[in-house]
Amino acid sequence: DAGVIQSPRHEVTEMGQEVTLRCKPISGHNSLFWYRQTMMRGLELLIYFNNNVPIDDSGMPEDRFSAKMPNASFSTLKIQPSEPRDSAVYFCASSTLQGNQPQHFGDGTRLSIL
Amino acid sequence: RKEVEQDPGPFNVPEGATVAFNCTYSNSASQSFFWYRQDCRKEPKLLMSVYSSGNEDGRFTAQLNRASQYISLLIRDSKLSDSATYLCVVNSFSGTYKYIFGTGTRLKVLA
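Residue numbers (the working numbering), protein chains in the order written: chain A, 1 to 114; chain B, 1 to 111.
Worth flagging that the hints you see were computed from the coordinates, not collected in a lab.
Among the hints, erroneous ones may be present.
Now the in silico label distances, taken between C-beta atoms and shown as ranges [what the hints assert, rightly or not]:
#1 B:65 x A:12: 42 to 50 Å
#2 B:55 x A:12: 36 to 44 Å
#3 A:22 x B:55: 29 to 37 Å
C-beta atoms are modelled at their ideal positions from N, C-alpha and C, and glycine is treated no differently.
Make the full structure from the sequences, and use the hints.
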């Protein structure tokens with residue numbers, strides 16, 4: 001079975017550039033989560049969607065960050081303009097959010113902003 | 001107080017040892033509980049769900065104590081390959097569902 005698929009695996013870009021991270025959740029999962037992980041702050045929830053609708057975006061750091069889920073099989077996280085402090089590993093996870101179902105994570109995107 | 005708390009460690013144990021981690025949570029309405037394992041520079045991977053009656057998967061045993069609001073993970077006969085960070089996750093509903101992650105406990109199994 002295909003797991004959560006993220007792209008790109010690595011991204012290096014200069015500050016000020018637009019960055020788009022992509023995620024395909026596990027088929028049949030109706031909830032999708034974007035996380036950011038750094039050594040200093042650990043794993044932080046940025047936003048989550050249920051049935052393609054954003055439910056909780058309280059973790060989105062600022063207006064430079066935006067996320068969309070146009071359909072059940074695709075989501076994007078965009079940073080514009082990017083800054084060096086955005087450097088982190090960004091994970092996407094999906095689940096069914098029913099009963100006691102766990103989340104499943106993608107391999108992550110390692111983002112470096114120079 | 002954090003919603004989910006873990007001792008960050010590191011726990012340094014010799015091969016073959018038994019090691020236990022605890023994780024406390026503050027929301028008594030929490031509904032489901034999980035242990036994840038995260039290797040350096042990798043994604044968190046589900047290790048096991050934690051059921052009310054306790055559950056075992058090979059060398060790993062998970063327990064839930066709702067009265068005291070903690071979950072535990074016991075690793076028996078530890079292997080070098082068990083070295084990783086173990087994350088406790090609590091799922092609760094208060095208007096919306098939330099998975100709350102602990103900051104993780106680092107385990108090093110030494111030869």
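A quick look at each hint next to the structure:
At about 46 Å, the CB distance of residue 65 of chain B to residue 12 of chain A agrees with the hint of 42 to 50 Å. For residue 55 of chain B and residue 12 of chain A, the hinted distance range of 36 to 44 Å is satisfied, since their beta carbons lie about 43 Å from each other. In this structure the hint that residue 22 of chain A and residue 55 of chain B lie 29 to 37 Å apart at CB holds, the actual value being about 35 Å.
Going down the numbered hints, you'll see the structure goes against none, and every one checks out.
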